[in-house]
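K.L.:
Letter by letter, the chains look like this.
Protein chains: 4
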Amino acid sequence: MPGFKLVGREARQKGTVVKVGNTEFGSNKVAIIAGPCAIESEEQLLETALAVKEAGAAVLRGSAYKPRSSPYSFQGLEEEGLKIMAKVKKKTGLLVETEVIDARDVALVSKYVDALRIGARNMQNFSLLREVGKSQKPVILKNGISSTLDEFLCSAEYILAGGNKNVILCNRGIRTTEPELRFPVLSGSTALLKQKTHLPVIVDPSHSTGNSSLIVAASRAAIAEGADGLIIEVHPSPEKALSDKRQQLTPGQFKSLMPELERVAKAVGRGL
Amino acid sequence: MPGFKLVGREARQKGTVVKVGNTEFGSNKVAIIAGPCAIESEEQLLETALAVKEAGAAVLRGSAYKPRSSPYSFQGLEEEGLKIMAKVKKKTGLLVETEVIDARDVALVSKYVDALRIGARNMQNFSLLREVGKSQKPVILKNGISSTLDEFLCSAEYILAGGNKNVILCNRGIRTTEPELRFPVLSGSTALLKQKTHLPVIVDPSHSTGNSSLIVAASRAAIAEGADGLIIEVHPSPEKALSDKRQQLTPGQFKSLMPELERVAKAVGRGL
Amino acid sequence: MPGFKLVGREARQKGTVVKVGNTEFGSNKVAIIAGPCAIESEEQLLETALAVKEAGAAVLRGSAYKPRSSPYSFQGLEEEGLKIMAKVKKKTGLLVETEVIDARDVALVSKYVDALRIGARNMQNFSLLREVGKSQKPVILKNGISSTLDEFLCSAEYILAGGNKNVILCNRGIRTTEPELRFPVLSGSTALLKQKTHLPVIVDPSHSTGNSSLIVAASRAAIAEGADGLIIEVHPSPEKALSDKRQQLTPGQFKSLMPELERVAKAVGRGL
Amino acid sequence: MPGFKLVGREARQKGTVVKVGNTEFGSNKVAIIAGPCAIESEEQLLETALAVKEAGAAVLRGSAYKPRSSPYSFQGLEEEGLKIMAKVKKKTGLLVETEVIDARDVALVSKYVDALRIGARNMQNFSLLREVGKSQKPVILKNGISSTLDEFLCSAEYILAGGNKNVILCNRGIRTTEPELRFPVLSGSTALLKQKTHLPVIVDPSHSTGNSSLIVAASRAAIAEGADGLIIEVHPSPEKALSDKRQQLTPGQFKSLMPELERVAKAVGRGL
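Sequence order for the protein chains is A, B, C and D. Using the UniProt record's numbering, the first residue of the first sequence is number 1, and each one after it goes up by one. Using the UniProt record's numbering, the first residue of the second sequence is number 1, and each one after it goes up by one. Using the UniProt record's numbering, the first residue of the third sequence is number 1, and each one after it goes up by one. Using the UniProt record's numbering, the first residue of the fourth sequence is number 1, and each one after it goes up by one.
Quick caveat, the hints were computed from the structure, so don't treat them as lab data. Hints are supplied without guarantee of correctness; some may be wrong.
No copy is singled out in the list; a pair is fine if it fits within one copy or between any two copies.
Capping the alpha-carbon separation at 30 Å, the derived lysine-lysine pairs in DSSO-like fashion look like this [unchecked claim]: (1) Lys83 <-> Lys5; (2) Lys5 <-> Lys245; (3) Lys240 <-> Lys196; (4) Lys87 <-> Lys134; (5) Lys111 <-> Lys89; (6) Lys14 <-> Lys87; (7) Lys14 <-> Lys255; (8) Lys196 <-> Lys245; (9) Lys111 <-> Lys196; (10) Lys91 <-> Lys5; (11) Lys91 <-> Lys255; (12) Lys266 <-> Lys29.
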């Protein structure tokens, strides 16, 4: 009685490939999403976009709506941010994704981006899950910070049950008792998710480690374990970022990371 | 830099008393909320209401909207449930509270009840927090299942910053590594919350223990530690409940619990 | 298949009363153990002993062997500490207990004290458990900082299976994801232990909260929940203590705590 | 003030290479330890040894002393097991390691094996740490199941401070709130350990996942992240094993794992 049906491997032995534009998640190629935590300005986003495109990223990330624990933290540029993202998409030809945090915003946000992201805090915001379930827009669903794998899959089930089969699971780790890692991904959890579900599974090394010096290692590990993609934070000047300063790579760091990831992908029989 | 201002003790040394109807939360009297997990029918709710009223409860609980991990679990009677609650309120004279799970429902739900409840899964549903912040209806805010105390207070801050000062914090425990307790309340956490904030703090022994045989002990402990109230699940036939079978008390068990709680309340200088 | 037999309620419906000298653990009276974290000098221990005796404590605590995470932290006075404890026992007439951390020391330590304590780090030091199992000296067994209740009971089973039935369980809490409480006791865990085992269960509010300002609240809660005793750290000058500065009460604080505990004990039908 | 000095990177920038016989831990080659959970018979150990040797393992593991949560579980063959290990070492030429669980056994166990292992339950058995600190025998130190990285390093410090510099850290994961993984390794923790200490770090994919179907993935991830070695459980007939049935590989599975590991090792610039 795990509480899910459509997302289980029993329902579909073959892995599902979810397409964001022409980029496949769940195929033999490992897909890389990269970009800043938050959209801060057109200059910031464009500079990042050009850099991650050149390094080989397939999709640009960037949040216009920032759910923040404190009401006094930077909350994102909202629709202005979406407009910036649309401009940068046009200028660079990159696919783009962004977070949606309110069921009332799904239609609006969908106009601007190629994929919707649902963050950890909203994994069990069932109104939001139902709303994106009515759409056909690809959804990147992150697990909650202390959800079990089965609870995570149940949340994906809400979206599939609503009619949207284009769900990409994002393993972003959970809160543990180790104080020096933010919300670490559990080794084995990506592989176990892939056993339990046919949906593609990507990993977020940035939010899970919370430490830019660990992102190379965590990214290599994720691909070695079988992740179908990564979502990595990159910012032109991480130390000046309005959020997540400690965990964003510079464009230069990202550029040198990519060939490392390609070597590991090849070692496990995949490409980048 | 804890991320909150209005809810801190620094902002207000004196404890805030939040009134739900004529019942005070945060005064010298410990307030008891009781009722079923979910509203299942008028008969079920009325029978429970009469029983908990006679035993001394001040407020009737009952959910019309049930956020459930699985889309295939019972989701509540929705507006029909609210109408049942309104009828039972009229027949019994009890104050009533219910959960609101969607920012779009706040106005509707507010018409039927004396207090709104925000559940653990929505502690960081900031759209919902902002919406109830615009209201003056008392809000019972539960902590998320792995939130820290500071994150909990930050979420309350969203409501106060929005203009609604009538917030009652509900300590419902967190997920731990102990498999035999559901989401246990941490001993000391209620007392520490009371040091950090001026808002009233109640405890939920039902959802935290997940075990009806532990509710007497956990309720006594909560009052002894300094809780300003309790919210306890009571169902006419727990074994037939559509949700939370294992943790609901029978009316008879609730009736015998109340004098026990009164003795502990008096031992710590309070009343019931 | 819980892995234990002798300690289960199935093996013995009636609660076991363990006697330390003439003090009963598990009877209708709640027994209080108090004293410093570590034995630092005869003056320090004697001053504390006289104060806790006057306030009504039954047993004096104090560690001569200190298991410390770092090899560079104060490790205790070792046998010199035991000799100090013996002197203070003679001068005050108090019963005394201390920690034993090595199977090779059991015989030596037993000569000096009325009860042996096994700390959290040694809950699964099976050589040590077997050694105290061969003795008839009462053993206060603390749970490991992330043990489950069943693992805790299995460790007690080692001692009973060895032939020593005089085991007092000490619920000292576990490591959780809440950063502001040290190793909090889970509300409901003491009551659940009492359902599962016939052995007496005491609570350690000092090591669990790690915060002297929470000890009154946590102690009241423990008794209200059904604890058979408490073990509380008291130091003449907590700020000068060689270990656990933040969590030791002053003699004055302990003195004012005791009548509070007595009121709660009476409210739940017990005495102090 | 992390509580350690000798084990920190500050004390020694260059990574330490610990030699077990002629096998290096911490050099450019990833070292593989493999063998059964427990030594059950000469036939069982020899069969396993021949298989893992042929597949390329450098060191044979096998426990003669089994610390078990329950006193009624199989406790190991003790000295008889050590003698079996010595015979198998002679017949196969493999290096061998085994667990030591009691300070009084260090000298005896050291006569039979090339490296001592200290298990998770004994990470803070300081008597045992001090005893192996007096030896020059290599020590494989596992972290406790809810230790922090700093507490782990402090325990290693006890051994180095005692005079034994031959310490290999074994990252075996911690207890988390995910019920489907036993004690998972946190992604990023191996890389972070390597930043903090100069000691070699190996990973235990068997005890961390607790699931033989996840060992390939977890092993690949560990090497990709930067582990200096792995310790993997292999048993001729896992379903008949006297302990850890679910997490031991068959010799055939181990044989097919090794080339996979070699590919990942090469992808990160190392060999096997």
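K.L.:
Determine for every hint whether it applies to the structure shown.
P.N.:
Structure-based check of all given hints:
no. : hint              : result
1   : Lys83 <-> Lys5    : neither (38 Å within a copy, 33 Å between copies)
2   : Lys5 <-> Lys245   : between (40 Å within a copy, 23 Å between copies)
3   : Lys240 <-> Lys196 : between (41 Å within a copy, 26 Å between copies)
4   : Lys87 <-> Lys134  : within (27 Å within a copy, 35 Å between copies)
5   : Lys111 <-> Lys89  : within (12 Å within a copy, 45 Å between copies)
6   : Lys14 <-> Lys87   : neither (37 Å within a copy, 48 Å between copies)
7   : Lys14 <-> Lys255  : between (33 Å within a copy, 27 Å between copies)
8   : Lys196 <-> Lys245 : between (35 Å within a copy, 21 Å between copies)
9   : Lys111 <-> Lys196 : neither (33 Å within a copy, 44 Å between copies)
10  : Lys91 <-> Lys5    : neither (41 Å within a copy, 43 Å between copies)
11  : Lys91 <-> Lys255  : within (20 Å within a copy, 51 Å between copies)
12  : Lys266 <-> Lys29  : both (10 Å within a copy, 20 Å between copies)
Violated hints for the displayed structure, listed by number in ascending order: 1, 6, 9, 10.
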